[in-house]
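One line per chain: the protein sequences are Y and D, in this order. Under numbering that gives the first Met the number 0, the final residue of the first sequence carries the number 164; numbering is consecutive throughout. Under numbering that gives the first Met the number 0, the final residue of the second sequence carries the number 180; numbering is consecutive throughout.
These aren't lab readings, by the way, just hints derived from the structure by calculation. Errors might be hidden in some of the hints.
Every beta carbon over 10 Å from chain D, so not counted as near; a handful from chain Y, in silico [what the hints assert, rightly or not]:
1) Ala65
2) Ala68
3) Ala69
Within a straight-line C-alpha distance of at most 25 Å, the following computed PhoX-like cross-link-like pairs (lysine-lysine) qualify [to be verified]:
4) D:Lys49 - D:Lys63
5) Y:Lys101 - D:Lys49
6) Y:Lys93 - D:Lys63
7) Y:Lys100 - D:Lys49
8) Y:Lys84 - D:Lys49
9) D:Lys21 - Y:Lys86
10) Y:Lys76 - D:Lys63
11) Y:Lys101 - D:Lys37
12) Y:Lys101 - D:Lys21
13) D:Lys21 - D:Lys63
14) Y:Lys86 - Y:Lys76
15) D:Lys37 - Y:Lys100
16) D:Lys63 - Y:Lys100
17) Y:Lys100 - D:Lys21
The following label-pair restraints were derived from C-beta to C-beta distances [unchecked claim]:
18) D:Ile102 - Y:Val90: 22 to 30 Å
19) D:Gly59 - Y:Ala69: 28 to 36 Å
20) Y:Asp132 - D:Gly19: 42 to 50 Å
21) D:Gln34 - Y:Ala73: 37 to 45 Å
These numbers were taken from a predicted model, which means no experiment stands behind them. Ideal Cβ placement from N, Cα and C applies to all residues, glycine included.
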Amino acid sequence: MSMSVNGDIDLVIDTVTLTGKVSFTFPCFSGTSNFVELGMSIDSDEIKLEGAMIRGEWFCQEDSPAKVAADKAASDKAVADAAAKCKEDMVPFKFFKFEVKKIRGLAPDWNGHRMSGVCYDDCVQFSKLSLFDQNGGIVSLLSTLKKIAFMIHQIWDTTLLIAVA
Amino acid sequence: MVASLIKGTQIVIGDGTNPGGKNPGGQGPDAADDQNLKTTFLDENFGSRKESVVIFPINGDPRKVFSYELATGSDFSIRDPTEWNVYGGQSADGPWTLFSHVIADAPSARRASYGRRDTCIGTASTAGVAVRKLSSYTASIELIQVGSFALVDVKFEMFNLNVAPDTYRGKFQVGWRTLQA
Numbered sequence: 000m001s002m003s004v005n006g007d008i009d010l011v012i013d014t015v016t017l018t019g020k021v022s023f024t025f026p027c028f029s030g031t032s033n034f035v036e037l038g039m040s041i042d043s044d045e046i047k048l049e050g051a052m053i054r055g056e057w058f059c060q061e062d063s064p065a066k067v068a069a070d071k072a073a074s075d076k077a078v079a080d081a082a083a084k085c086k087e088d089m090v091p092f093k094f095f096k097f098e099v100k101k102i103r104g105l106a107p108d109w110n111g112h113r114m115s116g117v118c119y120d121d122c123v124q125f126s127k128l129s130l131f132d133q134n135g136g137i138v139s140l141l142s143t144l145k146k147i148a149f150m151i152h153q154i155w156d157t158t159l160l161i162a163v164a
Numbered sequence: 000m001v002a003s004l005i006k007g008t009q010i011v012i013g014d015g016t017n018p019g020g021k022n023p024g025g026q027g028p029d030a031a032d033d034q035n036l037k038t039t040f041l042d043e044n045f046g047s048r049k050e051s052v053v054i055f056p057i058n059g060d061p062r063k064v065f066s067y068e069l070a071t072g073s074d075f076s077i078r079d080p081t082e083w084n085v086y087g088g089q090s091a092d093g094p095w096t097l098f099s100h101v102i103a104d105a106p107s108a109r110r111a112s113y114g115r116r117d118t119c120i121g122t123a124s125t126a127g128v129a130v131r132k133l134s135s136y137t138a139s140i141e142l143i144q145v146g147s148f149a150l151v152d153v154k155f156e157m158f159n160l161n162v163a164p165d166t167y168r169g170k171f172q173v174g175w176r177t178l179q180a
């Protein structure tokens, strides 16, 4: 289990401002050491830094089964309550729009491929889209990300070293 | 198989449209709502447009659509939708009300249901991370979207990050704590 965070960074050192990218990956296995990986790249007149990876040790502590169950129950109830309010507030409508943003594709470098000019994996396909006036089942959507979030409860201060090329 | 999953009253919809799409013969939007899993909707322009939109009119009076069901196509699992938005509107031209943003694993089987999905319940998504200064790094994660509400908002704040100013070879002190909103 892991979580990745990516973002831009502005690093001000005296009069120099560096702009770059950072990425963090947090593995999380309970009961053993984990390593947090910090990646950074910097591109400026003064400093070039590519592919620097720094590792720091940290630990996860998993909640008790009872707390996990209680959290899940509370989350499911919150989902159900909010969904009920959403439906209560929903104004009957005349048109339904389904907007596909991503397909399975060919991970990880999918950018669309065509064979002899005919779409191969850059087209979308499905065989059914039906609408109903009653609820679908409440699906517990929280489990994975919620578990990660609650398990990351503490990370020890870690000394990291960046070597600048 | 799919029929056994259907609960509630199915809403009758009219002829659909796929604005900007390119559909081979017999594979337009209506192939998705004809209750025949052997027919498929196909949009060849997804790759170039980076999205595909199908719009269905609801027959009769306006309705509340509380759930929907999607099924995979007959072949080419690489074409299965894995992320989509669900909207309702009073006109085919909008404006549209977004009810949910969904990220889903497509079933591996062909002509298989994704399961009945609640119109109002979306899927967890990670929010963008903006870092403006190193002394105060905040990452926000919205765990779930229900209608326009984010139910859980977990924030991570990184602190105590210092860089030696004169050598560019320094020590980063990195610490994290979790803030639950």
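Consistency of the hints with the structure:
1. Ala65: Holds: least Cβ distance 18 Å, greater than 10 Å.
2. Ala68: 17 Å, holds
3. Ala69: 14 Å, holds
4. D:Lys49 - D:Lys63: This hinted pair is violated, its Cα atoms lying about 29 Å apart.
5. Y:Lys101 - D:Lys49: Distance ~8 Å between Y:Lys101 and D:Lys49 Cα, so the pair holds.
6. Y:Lys93 - D:Lys63: Measuring from Cα to Cα gives roughly 9 Å; hence the hint holds.
7. Y:Lys100 - D:Lys49: Status holds; Cα separation ~7 Å.
8. Y:Lys84 - D:Lys49: With a Cα-Cα distance of about 32 Å, the restraint between Y:Lys84 and D:Lys49 is violated, given a limit of 25 Å.
9. D:Lys21 - Y:Lys86: Not satisfied, since the Cα-Cα distance of roughly 34 Å exceeds 25 Å.
10. Y:Lys76 - D:Lys63: Since the Cα atoms of Y:Lys76 and D:Lys63 sit roughly 22 Å apart, the hinted pair holds (cutoff 25 Å).
11. Y:Lys101 - D:Lys37: 23 Å, holds
12. Y:Lys101 - D:Lys21: 17 Å, holds
13. D:Lys21 - D:Lys63: Not satisfied, since the Cα-Cα distance of roughly 29 Å exceeds 25 Å.
14. Y:Lys86 - Y:Lys76: OK: Y:Lys86 and Y:Lys76 at ~15 Å, within 25 Å.
15. D:Lys37 - Y:Lys100: Answer holds: D:Lys37 to Y:Lys100 is near 24 Å, not above 25 Å.
16. D:Lys63 - Y:Lys100: Cα-Cα ~24 Å, so holds.
17. Y:Lys100 - D:Lys21: 16 Å, holds
18. D:Ile102 - Y:Val90: 22 to 30 Å: 26 Å, holds
19. D:Gly59 - Y:Ala69: 28 to 36 Å: 45 Å, violated
20. Y:Asp132 - D:Gly19: 42 to 50 Å: 29 Å, violated
21. D:Gln34 - Y:Ala73: 37 to 45 Å: Distance hint for D:Gln34, Y:Ala73 holds at roughly 39 Å.
When held up to the earlier numbered hints, the structure conflicts with 4, 8, 9, 13, 19 and 20 and fits the remainder.
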